[in-house]
Amino acid sequence: MSRDIDSRWSPITLAALVILTIVVLGGGFILLQTIQDYKILMTVFAVTWGLGSAALLFFVLNAIAETMPRKIRSVAVAFVFAGPAIVLLFWALVIPTLRTLRLSFLGPHADKFVGFDNFAFAFTDPIMLESFRNNLLWMIFGTSFCVIMGLLIAVLADKSRYEKVFKSLIFMPMAISFVGAGVIWRFIYAYKGEGFNVTEIGLINAIVTSFGGEAQAWLLVPFWNNFFLIVIMVWLQTGYAMVIISSAIKAIPGEINEAAWVDGANSFTIFFKITIPYIMPTIITVTTTILIFSLKLFDIVRVMTGGNFGTNVIANEFYLRQFTYGNSGQASAIAVVLLIVIVPVLMYNLRDFRRRRVLK
Amino acid sequence: MRKKIKLNRSKSNPLIGIVLIVIVVLWTVPTLGVFITSFRDSRDIYSSGWWTVLPHKDFVKTGEMEMPSELDPDQPIEIEGVTASFNEWRNGIEVEEGRTLKWYGNKRTRKVEIFEEKWIGFGANLNLQNYRDVLSAGEIEYTDGEGNTISRQGNNFSDAVLNSIAVSIPATIIPILIAAFAAYAFSWMEFPGRKPLFIIVVALLVVPLQIALIPILRDFTKWGLNGTFVGMWLAHTSFGLPLAIYLLYNYISNLPRDIFESAYLDGATPFVTFVKLVLPLSIPALASFAIFQFLWVWNDYLVALVFLGDKNRVVTSALAAMVGEKGQDWHLLTAGAFLSMIIPIAVFFGLQRFFVRGLTAGSVKG
Chain A
0 MSRDIDSRWS
10 PITLAALVIL
20 TIVVLGGGFI
30 LLQTIQDYKI
40 LMTVFAVTWG
50 LGSAALLFFV
60 LNAIAETMPR
70 KIRSVAVAFV
80 FAGPAIVLLF
90 WALVIPTLRT
100 LRLSFLGPHA
110 DKFVGFDNFA
120 FAFTDPIMLE
130 SFRNNLLWMI
140 FGTSFCVIMG
150 LLIAVLADKS
160 RYEKVFKSLI
170 FMPMAISFVG
180 AGVIWRFIYA
190 YKGEGFNVTE
200 IGLINAIVTS
210 FGGEAQAWLL
220 VPFWNNFFLI
230 VIMVWLQTGY
240 AMVIISSAIK
250 AIPGEINEAA
260 WVDGANSFTI
270 FFKITIPYIM
280 PTIITVTTTI
290 LIFSLKLFDI
300 VRVMTGGNFG
310 TNVIANEFYL
320 RQFTYGNSGQ
330 ASAIAVVLLI
340 VIVPVLMYNL
350 RDFRRRRVLK
Chain B
0 MRKKIKLNRS
10 KSNPLIGIVL
20 IVIVVLWTVP
30 TLGVFITSFR
40 DSRDIYSSGW
50 WTVLPHKDFV
60 KTGEMEMPSE
70 LDPDQPIEIE
80 GVTASFNEWR
90 NGIEVEEGRT
100 LKWYGNKRTR
110 KVEIFEEKWI
120 GFGANLNLQN
130 YRDVLSAGEI
140 EYTDGEGNTI
150 SRQGNNFSDA
160 VLNSIAVSIP
170 ATIIPILIAA
180 FAAYAFSWME
190 FPGRKPLFII
200 VVALLVVPLQ
210 IALIPILRDF
220 TKWGLNGTFV
230 GMWLAHTSFG
240 LPLAIYLLYN
250 YISNLPRDIF
260 ESAYLDGATP
270 FVTFVKLVLP
280 LSIPALASFA
290 IFQFLWVWND
300 YLVALVFLGD
310 KNRVVTSALA
320 AMVGEKGQDW
330 HLLTAGAFLS
340 MIIPIAVFFG
350 LQRFFVRGLT
360 AGSVKG
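Just so you know, the protein sequences line up as chains A and B, in that order.
According to numbering that gives the first Met the number 0, the first sequence is numbered sequentially starting from 0.
According to numbering that gives the first Met the number 0, the second sequence is numbered sequentially starting from 0.
It cannot be assumed that every hint is accurate.
DMTMM-like, lysine to aspartate or glutamate: derived pairs with alpha carbons at most 25 Å apart [what the hints assert, rightly or not]:
{"hint": "1", "chain 1": "A", "residue 1": "LYS295", "chain 2": "B", "residue 2": "GLU96"}
{"hint": "2", "chain 1": "B", "residue 1": "LYS56", "chain 2": "B", "residue 2": "GLU115"}
{"hint": "3", "chain 1": "B", "residue 1": "LYS117", "chain 2": "A", "residue 2": "GLU199"}
{"hint": "4", "chain 1": "B", "residue 1": "LYS101", "chain 2": "A", "residue 2": "GLU199"}
{"hint": "5", "chain 1": "B", "residue 1": "LYS310", "chain 2": "A", "residue 2": "ASP36"}
{"hint": "6", "chain 1": "B", "residue 1": "LYS117", "chain 2": "B", "residue 2": "GLU138"}
{"hint": "7", "chain 1": "B", "residue 1": "LYS310", "chain 2": "B", "residue 2": "GLU138"}
{"hint": "8", "chain 1": "B", "residue 1": "LYS275", "chain 2": "A", "residue 2": "GLU65"}
Label pairs and their calculated CB-CB ranges [what the hints assert, rightly or not]:
{"hint": "9", "chain 1": "A", "residue 1": "PHE210", "chain 2": "B", "residue 2": "VAL18", "range": "19 to 27 Å"}
{"hint": "10", "chain 1": "B", "residue 1": "GLU115", "chain 2": "A", "residue 2": "THR323", "range": "54 to 62 Å"}
{"hint": "11", "chain 1": "A", "residue 1": "ILE273", "chain 2": "B", "residue 2": "ALA136", "range": "54 to 62 Å"}
{"hint": "12", "chain 1": "A", "residue 1": "PHE226", "chain 2": "B", "residue 2": "ILE341", "range": "44 to 52 Å"}
{"hint": "13", "chain 1": "B", "residue 1": "LYS325", "chain 2": "A", "residue 2": "THR323", "range": "36 to 44 Å"}
{"hint": "14", "chain 1": "B", "residue 1": "PRO13", "chain 2": "A", "residue 2": "MET279", "range": "29 to 37 Å"}
{"hint": "15", "chain 1": "A", "residue 1": "GLU257", "chain 2": "B", "residue 2": "ARG131", "range": "54 to 62 Å"}
{"hint": "16", "chain 1": "B", "residue 1": "ARG98", "chain 2": "A", "residue 2": "PHE210", "range": "24 to 32 Å"}
{"hint": "17", "chain 1": "B", "residue 1": "LYS56", "chain 2": "A", "residue 2": "GLU213", "range": "19 to 27 Å"}
{"hint": "18", "chain 1": "A", "residue 1": "ILE147", "chain 2": "B", "residue 2": "ARG131", "range": "39 to 47 Å"}
{"hint": "19", "chain 1": "B", "residue 1": "LYS325", "chain 2": "A", "residue 2": "GLU257", "range": "41 to 49 Å"}
{"hint": "20", "chain 1": "B", "residue 1": "GLU115", "chain 2": "A", "residue 2": "ASP36", "range": "54 to 62 Å"}
{"hint": "21", "chain 1": "A", "residue 1": "LEU40", "chain 2": "B", "residue 2": "VAL18", "range": "22 to 30 Å"}
{"hint": "22", "chain 1": "A", "residue 1": "GLY26", "chain 2": "B", "residue 2": "SER46", "range": "53 to 61 Å"}
Hints are computed from structural coordinates only; laboratory data are not their basis.
Remember, predicted model here, so these are calculated numbers, not experimental data.
For glycine and all other residues, C-beta sits at the position ideal for the given N, C-alpha and C.
The task is simple: from the sequences and hints, build the whole structure.
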């Protein structure tokens with residue numbers, strides 16, 4: 000009697016279930032490919048099919064696991080639960096990392112071994128050096144502006160009656176895509192050029208000309224155009240910093256502030272001596288998140304300048320190497336460089352994770 | 000009692016209110032500009048800034064007059080008691096307070112336009128034509144600032160919006176189910192490799208996507224999934240999993256142990272416990288992640304660019320393509336930008352509470 004008496008499933012039902020799952024998965028996939036042109040129908044079908052077959056897959060695998068001998072049953076069930084996620088993570092992230100590492104030592108078409116040539120390119124090519132410089136600008140100025148503005152707004156809004164409204168409006172750009180933000184800011188920087196009776200329709204140029212200044216193509220101004228792009232990220236990400244910092248401020252026990260008031264401290268002393276030290280861990284988390292973000296930044300530069308006029312960044316050069324120059328070796332080396340820069344943060348996260356004993 | 004006094008004192012500082020209002024105005028004006036422009040007549044967009052729809056005092060054309068045919072434009076011209084050269088008239092002269100005359104066109108037109116200073120604004124010409132144009136797939140025509148009629152190929156944004164919906168909804172819902180099962184296993188089950196696997200999940204939280212794109216693209220090319228929706232769902236599901244598992248683990252592992260014990264004593268299998276207890280109890284966490292993932296997928300450009308290319312363009316890639324092809328067609332760009340933002344902004348304002356909770360759970364650790 001190795002087949003367990005607890006099992007609710009007879010072998011025949013189980014076999015039928017397995018066949019049904021295969022048919023639903025495979026048939027649905029084929030059907031989906033044929034109805035791609037009927038968008039609404041396809042979306043409705045995709046949601047039902049995707050969710051249905053995922054649920055069915057879990058159900059069938061679980062049913063099979065439950066027929067296992069009692070000794071290994073609980074482990075089998077656990078693998079059924081965690082399995083699909085683990086398989087996807089390995090296929091989409093863990094193994095590709097190793098494959099990219101391998102590609103970074105191969106030539107443009109992944110056919111011959113080229114040693115460290117691609118890394119030599121990544122660290123010495125002028126366009127890469129320019130990109131490193133620009134990413135550094137993004138990381139230093141973008142991140143610090145986001146965090147400082149976020150902190151300022153969070154502290155001020157905390158003292159205002161209309162806190163919710165203010166915060167919502169600052170936070171709203173988070174819902175806008177970088178491409179959408181790109182269009183919004185291209186319109187702000189719009190420049191019509193010289194000519195007879197030109198009315199500038201871009202906000203910045205209109206303000207500049209109304210004060211008697213000269214209208215300019217702002218995105219073409221060397222070096223400073225990087226900052227005009229960084230402004231866009233600050234506009235998008237300050238809301239994030241503000242929300243996280245704000246919830247940390249609200250978690251400061253009221254008694255501490257009250258005690259300080261009673262001892263005669265003013266707002267500034269309270270801010271620097273109590274608020275800041277208290278929320279320091281949060282500020283560090285927000286800072287690292289935005290740092291990583293500005294390192295991987297791609298969309299804004301791609302849409303605003305395409306990386307031209309001295310505004311290139313690493314992630315954009317990665318895209319250009321792979322899809323414009325068709326050089327998977329150099330592109331992979333750039334991706335590896337991105338990963339290496341992030342490794343310290345990754346290590347810190349893991350150490351922090353162990354220290355807090357999240358995993359029971 | 001003391002607390003109340005403190006509240007009153009700090010909440011009535013007008014300086015803070017003013018600073019906040021200035022910041023909020025700075026933050027909202029960019030979006031407002033695009034929003035207003037998208038409803039303006041294409042001809043107006045090129046001849047005046049969007050802020051002119053707000054009430055303001057300006058010179059408005061109120062009439063015109065014909066100059067007699069015997070008038071010689073090369074000699075000084077006298078109109079309404081003012082004598083000036085042709086070029087001066089062409090630049091416009093204020094003949095009296097609030098009344099400007101301006102020669103229209105070249106010397107042969109013999110037309111002088113009259114401008115008077117008036118309060119204007121509420122009569123702005125707003126309509127939905129730009130939206131109709133940008134949604135359409137066929138030929139469209141519009142008038143530019145000089146009055147020329149220009150015809151363009153439409154951008155078929157209606158298709159892009161549908162594509163975005165088709166990509167985003169499954170790519171939001173499918174990872175939730177997979178991640179919830181995994182989070183439950185990591186929280187409440189024992190299996191070999193549990194700890195190292197979860198550490199991998201935590202490590203993957205910060206790994207840049209770029210590292211995975213090329214190998215996955217190769218797989219997709221081999222399997223014929225390039226440019227398909229299935230490929231997009233697979234990619235977005237996988238990329239969203241680390242955060243999903245991490246967020247849901249934080250929530251599910253903190254559910255009280257008792258409920259699992261009593262369910263187990265009642266003879267419920269882990270599967271039944273998961274479906275009947277864990278899923279319903281985790282709805283707030285599931286909602287937080289769902290909003291997060293939906294906004295991320297909808298607003299994503301990189302993954303769509305790599306795996307969809309020009310086939311089945313989603314709103315972000317359609318908009319980016321439009322910037323490349325028609326970077327100065329502001330009537331189309333603004334309407335397209337706003338179309339791409341409506342759904343995420345609606346989701347955002349409707350479910351802001353869950354979104355904020357997800358953000359804080361994901362980054363303020365402990």
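Going through the hints against the structure:
1. A:LYS295 / B:GLU96: violated, 58 Å
2. B:LYS56 / B:GLU115: Answer holds: LYS56 of chain B to GLU115 of chain B is near 10 Å, not above 25 Å.
3. B:LYS117 / A:GLU199: holds, 21 Å
4. B:LYS101 / A:GLU199: Given pair LYS101 of chain B, GLU199 of chain A holds - Cα atoms ~20 Å apart, limit 25 Å.
5. B:LYS310 / A:ASP36: Within the cut-off at roughly 12 Å; holds.
6. B:LYS117 / B:GLU138: violated, 39 Å
7. B:LYS310 / B:GLU138: Given pair LYS310 of chain B, GLU138 of chain B holds - Cα atoms ~20 Å apart, limit 25 Å.
8. B:LYS275 / A:GLU65: holds, 18 Å
9. A:PHE210 / B:VAL18: 19 to 27 Å: Distance hint for PHE210 of chain A, VAL18 of chain B holds at roughly 23 Å.
10. B:GLU115 / A:THR323: 54 to 62 Å: holds, 55 Å
11. A:ILE273 / B:ALA136: 54 to 62 Å: holds, 60 Å
12. A:PHE226 / B:ILE341: 44 to 52 Å: Check failed, 30 Å falls outside 44 to 52 Å.
13. B:LYS325 / A:THR323: 36 to 44 Å: violated, 21 Å
14. B:PRO13 / A:MET279: 29 to 37 Å: holds, 31 Å
15. A:GLU257 / B:ARG131: 54 to 62 Å: Because 59 Å falls inside the window, the suggested range holds.
16. B:ARG98 / A:PHE210: 24 to 32 Å: holds, 27 Å
17. B:LYS56 / A:GLU213: 19 to 27 Å: holds, 26 Å
18. A:ILE147 / B:ARG131: 39 to 47 Å: Check passed, 43 Å falls within 39 to 47 Å.
19. B:LYS325 / A:GLU257: 41 to 49 Å: violated, 59 Å
20. B:GLU115 / A:ASP36: 54 to 62 Å: Holds: the Cβ-Cβ distance is about 57 Å, inside 54 to 62 Å.
21. A:LEU40 / B:VAL18: 22 to 30 Å: violated, 52 Å
22. A:GLY26 / B:SER46: 53 to 61 Å: holds, 58 Å
In the structure shown, a violation is registered for the earlier hints numbered 1, 6, 12, 13, 19 and 21, in ascending order.
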